Amino acid sequence: MPDRKTSSDRRSYVMTLSCPNRPGIVAAISRTLFELGGDIAGAQQFDERESRIFFMRVVFSVAADGVTRAGLDDALAGVAARFDMQWSLRESPRPTRTIIMVSRFDHCLVDLLYRWRIGELAIDPVAIIANHPRQTYAHIDLDGIPFHYLPVTAATRAEQEARIAEIVRETDAELVVLARYMQILSDRMSEWLAGRCINIHHSFLPGFKGARPYHQAFARGVKLIGATAHFVTPDLDEGPIIEQDVERITHADSPDDLIRKGRDIERRVLARAVRYFTECRVIPNGHKTIVFNP
141 MPDRKTSSDR RSYVMTLSCP NRPGIVAAIS RTLFELGGDI AGAQQFDERE
191 SRIFFMRVVF SVAADGVTRA GLDDALAGVA ARFDMQWSLR ESPRPTRTII
241 MVSRFDHCLV DLLYRWRIGE LAIDPVAIIA NHPRQTYAHI DLDGIPFHYL
291 PVTAATRAEQ EARIAEIVRE TDAELVVLAR YMQILSDRMS EWLAGRCINI
341 HHSFLPGFKG ARPYHQAFAR GVKLIGATAH FVTPDLDEGP IIEQDVERIT
391 HADSPDDLIR KGRDIERRVL ARAVRYFTEC RVIPNGHKTI VFNP
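Start counting at 1 in the sequence shown, then tack on 140, and there's your number in my numbering.
Please note that a few of the clues may not be correct.
[Unchecked claim] The calculated lysine-lysine pairs, modelled on DSBU-like cross-linking and capped at a C-alpha distance of 30 Å, are: (1) Lys401 x Lys428; (2) Lys401 x Lys363; (3) Lys401 x Lys349; (4) Lys428 x Lys363; (5) Lys349 x Lys363; (6) Lys349 x Lys428.
[Stated by the list, open to error] Here are the in silico distance ranges between beta carbons for each label pair: (7) Ala295 x Asp205: 54 to 64 Å; (8) Arg189 x Ser228: 15 to 25 Å; (9) Asp377 x Asp404: 13 to 23 Å.
Simulated from the structure, these hints should not be mistaken for lab results. What you are looking at is a predicted structure, and each value in this text was computed from that prediction instead of being measured. The beta carbon of each residue, even a glycine, is placed where N, CA and C say it ideally should be.
Construct the entire structure; sequences and hints are all you get.
Quick look at the structure:
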């Protein structure tokens with residue numbers, strides 16, 4: 141169901157939740173919102189039969205001069221306690237404070253900034269972190285976004301990750317995007333950013349790792365190339381998947397063709413994943429995610 145826009149005299153929210161499935165969950169949420177003067181604009185739900193876990197995303201609004209945010213939290217917390225829910229509530233629309241991390245390849249960075257500027261992505265870029273100096277991106281208009289050059293070596297990795305953590309805290313960042321950031325985060329950093337750090341990864345059949353993956357794919361005569369956006373975890377490139385896409389390849393495609401097509405896939409897959417995150421459409425589910433697509 142599409143989200144319905146609300147007038148300026150109302151405040152809009154998105155609630156997401158997961159809990160053990162049992163009768164009465166939807167009724168309890170609906171009744172509580174009704175009693176608070178809420179108007180439900182959209183609702184999506186999913187019952188995973190294998191785990192018997194129920195997932196739901198609800199978009200609703202309340203009168204601007206009605207119940208306060210604290211009142212909403214208190215009322216919904218009572219429902220959540222009854223049903224043993226994991227839940228979150230976010231005011232919408234509100235841009236997500238986002239840090240973008242990048243290495244030499246800048247196509248994903250440029251794409252995210254473009255989509256932000258035209259209003260397609262509801263992000264607030266609060267910092268850009270790169271392991272290459274600012275002049276590497278001299279051709280890009282960073283629009284006043286604070287830029288942090290943090291070169292990484294084996295000797296400086298711990299120090300630079302500590303600085304990254306400081307920037308996350310200083311900016312109150314809600315999301316960290318690895319926009320082709322070609323450094324592996326430590327297990328400690330990955331765990332600290334759990335559920336709020338998205339990576340884009342080239343994915344092939346078979347999965348080519350290491351240097352020059354598109355050249356490896358060309359050498360093996362692949363018929364499909366693709367990309368995967370996923371949450372970062374200590375398991376390298378194996379975090380819960382948010383979005384994927386593929387493109388067909390033929391024998392006539394050169395390695396340069398694969399690189400060009402691969403960059404296009406990476407851009408659009410990462411942009412979709414970021415948009416789903418900012419719109420509260422992604423709910424963790426163990427090693428997987430539930431994604432309520434528009």
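Against the structure, the hints come out as follows:
1. Lys401 x Lys428: Judged against 30 Å, a Cα distance of about 27 Å means the pair holds.
2. Lys401 x Lys363: Distance ~13 Å between Lys401 and Lys363 Cα, so the pair holds.
3. Lys401 x Lys349: Holds, at roughly 18 Å.
4. Lys428 x Lys363: Given pair Lys428, Lys363 holds - Cα atoms ~26 Å apart, limit 30 Å.
5. Lys349 x Lys363: Answer holds: Lys349 to Lys363 is near 17 Å, not above 30 Å.
6. Lys349 x Lys428: holds (22 Å)
7. Ala295 x Asp205: 54 to 64 Å: Given a distance of about 58 Å, which is inside 54 to 64 Å, the answer is holds.
8. Arg189 x Ser228: 15 to 25 Å: holds (24 Å)
9. Asp377 x Asp404: 13 to 23 Å: Holds - the Cβ-Cβ distance for Asp377 and Asp404, about 20 Å, lies within 13 to 23 Å.
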